[in-house]
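Since each chain comes alone in its own frame, lean on the hints to assemble the complex.
So the protein sequences, as listed, match chains A and D. In terms of this note's numbering, the first sequence is residues 1 to 290. In terms of this note's numbering, the second sequence is residues 1 to 350.
Hints are computed from structural coordinates only; laboratory data are not their basis. It should be emphasised that the depicted structure is a prediction, and the values quoted were computed from it without experimental measurement. A virtual CB, placed ideally from N, CA and C, is assigned to each residue, including glycine. Misleading hints may appear alongside valid ones.
[Stated by the list, open to error] Capping the alpha-carbon separation at 20 angstroms, the derived lysine to aspartate or glutamate pairs in DMTMM-like fashion look like this:
1. Lys323(D) <-> Glu341(D)
2. Lys159(A) <-> Glu172(A)
3. Lys182(D) <-> Asp8(D)
4. Lys295(D) <-> Glu87(A)
5. Lys216(A) <-> Glu149(D)
6. Lys216(A) <-> Glu105(A)
[To be verified] Which stretches of chain A does chain D cover? Using the computed rule of at least three CB atoms under 8 angstroms from a CB of chain D, they are:
7. 134-144
8. 219-233
9. 252-261
10. 267-274
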Amino acid sequence: MVEIIIIATLVTGGVYALLAIGFSLIFGNARVINMAHTGFFMLAAYGLWYFMRQLGLGTIPSIAIVAPAVTLLGILAYRLLIHPIREHLAAVLLMTIALAMAFQEAMRGAFSSLYWAIPALIPGFTDILGVRVLNQYLLTLGIVAVVIIIVQLILAKTKLGIALRAVANDSEIASLMGISVPRTLMITMGIATALVAIAAIAVAPLWTIHPAMWSKPLVTVLVIVVLGGLGSIKGSIIGAFIIALVENVVAFLAPSFPYLQVVFSILAMVIVLVVRPGGLFGVVFEEERL
Amino acid sequence: MLRRLFKDFRFGVLPVPGRLIAIIFFVALFIFPLIDDSSYSLYVITTSTLLVIFAASWDLLSGYSGQLNFGHALFFGVAAYSSALLYKYLGWQPWVTIPLGTLIATGIGVLTAFPALRLRGPYLALLTMSFPLMLQGLAMSFKKVTGGEFGISGLRPLADTDIGIYYICLIAMTVSVLIMWKLTDAGSKYVRTGLLFHAIREDEIAARASGINTIRYKILAFAIGGFFAGLAGALSAHILGTVSISSLSMTLSFRAIIYVIFGGIVSIYGAVIGVYTLDTLLQFLGAGGSNFIGKNQILIMAIIVILVLLFMPEGVGVWIRNKIERECPRCKLTNGAWRRECRACGAPLH
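Bound conformation, chain D alone (with noise of 0.2 angstroms):
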């Protein structure tokens, strides 16, 4: 068992930059707090990894189903408020309320999913974008049960110190990283979901043609990407103690795209980049708002974001990957661009 996972290390991450990256940033964020563990730093980072679940299934449903979700908000909104207004008046315990939360707005992906499987393109992303404002005003009119523009506050947190906190998130984003990483992995030879989410966004008639029941698997991602961000949100309704009118705002759901777009749309990793470079990064440059780029961040993302998109347009993720992994044209294998020749076949590269 050590052996072949030392074999796997060996062979199949060593060589290829991209994954080594990936595994040294996962360990660096594993033993962050062992190096700096002011509750600023370790609550900044904890944020951000709630917006990497989140941002990250979006891209699972808008990048790799094609389903323009524009208020991913709803599903991350519901399962906070859900799993808020179970604890303040059913008095659940967290590890209750969390997991019915996930599973609350993985019910409303799937009730989403049938207003959306008439629709498609402009008209798809102006009706998800119109639910959580409608969500919105509702909470905003029933101020006795939701609180209204305060949200509902006084929520236990889920462990008693940051430092707990911060593992119990990064947990979590790690696994369902995984989990969706492995869903949309078109090469898998066990789950068949990553290929055929490809063949709906490429072309739904001809994916219909081939016998793909296309309406069950778009169903299937808004599920699944109700599921995460719920997850998410269910999170960050014990992690902040507080659930505010914000969690269901535009803003929220734009946030998602934005981080995908600019880490690479239809690639998991995109989302975890995006965030970790647009979110955490500027929030420790511009360290609480005293300076210049703390007062002006979203002037800052809004420039990022548009330069992004004229210079390269598949986001700032592939650009690297391109740069530095090269593809065999015979085997297919992943290769480092210093190479001249695959280190499997022996093909040259060009």
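The following block holds chain A by itself, in its conformation from the complex (with noise of 0.2 angstroms):
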């Protein structure tokens, strides 16, 4: 019984981390809440799905032309539509509103609100202690622990990464010190939007592909980031494995409940943040602190 809770827990915990650290990285970098995130996540997945089941396209060519091209539409979304107006926080996380309720409804007047899935790229499952675990989680853990320790490495070794950690820390300061604030927050982006479809390669498998797939992720991925801390990266991975862990326990003690896990894991983010105003492992900003 406890063993099926820890890997309910790692798996699903894979799955959210995924998505939440595009989400922290982004927010870190430019404080720009990005609610269409999961928008990029659908869009990519209705990418993969259009190539590889209506043009019936290979897995790797379909990878090849979704990723980069959901890249270059966040980098072109954030140049044109959110960049301009940057420094209102309402009228961002608006805009990004917005963007999502765009694509929701593109996708919708493109292939109509009927259900799709695609299929896993390994299927089958493994046995972990007793347990059928489907060998999309494993890669889906997989992809998670290398898309961690790249995000590091590049944040930690490389001139870029150098870059970014100093605009995040403070912009003015950085522009003094030649870097590009502009461009740098641009390639933020893209990596954000780039992780997002690595993320649907991984998690579109799992789930059904429908214009609304967007919301209940959002909701969840903004749980986590909020518990571990908005823009903390360490924090928004924790912040995945207590919100999966909260969930499945809430699973398995109420299972005739379903919609009890929203429930408790929401309770558990307000009780971090009456505690911790600043999340787990937040960055705050001097000006930012009451």
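Okay, here's the thing in structure tokens:
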């Protein structure tokens, strides 16, 4: 019983972490709450489905087309729509929500509101401690680990990563040091959308594809990053596993009330916020402090 | 008394195009049923009057006092559900359940204020956004009481005819908009809240340093916002006859924000403009989903919002107002934009 909960937590936590890292990255650097984050996820999932199922391309070519396309779209959306109004928190939130709604309606117009699915990249399942785990979930966990390592290496070792961290710390001083802040933020947005496209490759086979598929993971991602502390990658990874644990425990104790999972995960976030207003590992700036 | 009213109208309203348009618009709403009393158009306008109350109360809370609330549907849904439950299980009449539902929403507003006092900016926005989702989860979990995704139906309507309901909502909307406009009027001699909300939004530390009890006024802002949003919710329960899970949805919270930002944030009239353009006008143009506009209403709304945010960041209402009105630099009186000099002190307007 305990091993079921632990394995289920690891598996769903990996999925959530993959979605939350990109969101956390763009918030930490640009201070942009990107509500269209899972909207890009939905676009990537639809793209994969379209190329694999409608046009009959193989898995690798579809990924090779979809991931750069979605990344480019994210960079363009940032440059044209979000960057001009970056200073206003409410305006950015609203802009990204409008963007997500526009994506949803565009997908509904193009492919109707039916439910679709794409095949798993690695079919079958594995027995771990007597629990059957789909191989796709294991692949997700592997991708999460690789992504975390790559992101940390980029942030810690490369020149670009140093620029990113400098901008996140203090964008004015960074621009005095000769770092182009708008370009750095654009690259951040590109990395965040690329991460979400990778997440779609790993997660889309596990979920059904439909125009409203962005709103439920969006809530989970928001809960995770707020709980872990906005802008902290470590916080969002740990938050993802905490929320996954809460959801799985609730699902195990009250299997006939599936909606209680949301209630208890939000409750966990509220408790963390009341005790620590900056989340678990939040990066709080001086001017944002109360 | 009549002469004074006439004098106010002659010198306070006629020379100011914005006020004149507002009065013409409200008179037009009041005589609308004489022109067109088909139940579809009455229904569209009735629901949008409720949205006006709802959106204006968001503007009061988040626009004026700066407490970004992204879960305003909480108050709407709590009031709607509580008046519906009171009617269904205790059999109380609408004229009892609507005030009670509104009061419960006010209480919820005060309760929300307490965690909100510790947070600001993005954390506050995301925390408030999660509250209605939590209640939505609870409502879906206890289907026996709340009816799950179908909600509670069969509530008694407020009046027997469509026109009666129309006028009740219109009067409620007019009165609440007037009250909220007065409460947020920074130049008022009698009510201080408008000025204090502005002070708290602009610089909370400076406001506290000048001796304003910011905590009390933030709680007050949440209470007022909860009260009016609750009024809209409780009325909607007895006007639509049903309460469903969508009254707690994220979409409803975002709709209030979209209307207000479209019309112009930190101006109560912005909410009115936003709702009547984006909701009523689009619904009439869409003709119940039979033509292109009706089928793609959300897409059109989203594109309009994106364009407005990019090109008129302070909102359409404020943009129009700046085109047709000009403030006198010497005596701060509002003039029509066509005037060369101020109508009171004769100072040149540039």
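message = If you test the structure against every hint from before, which numbers come out violated?
response = 4, 7
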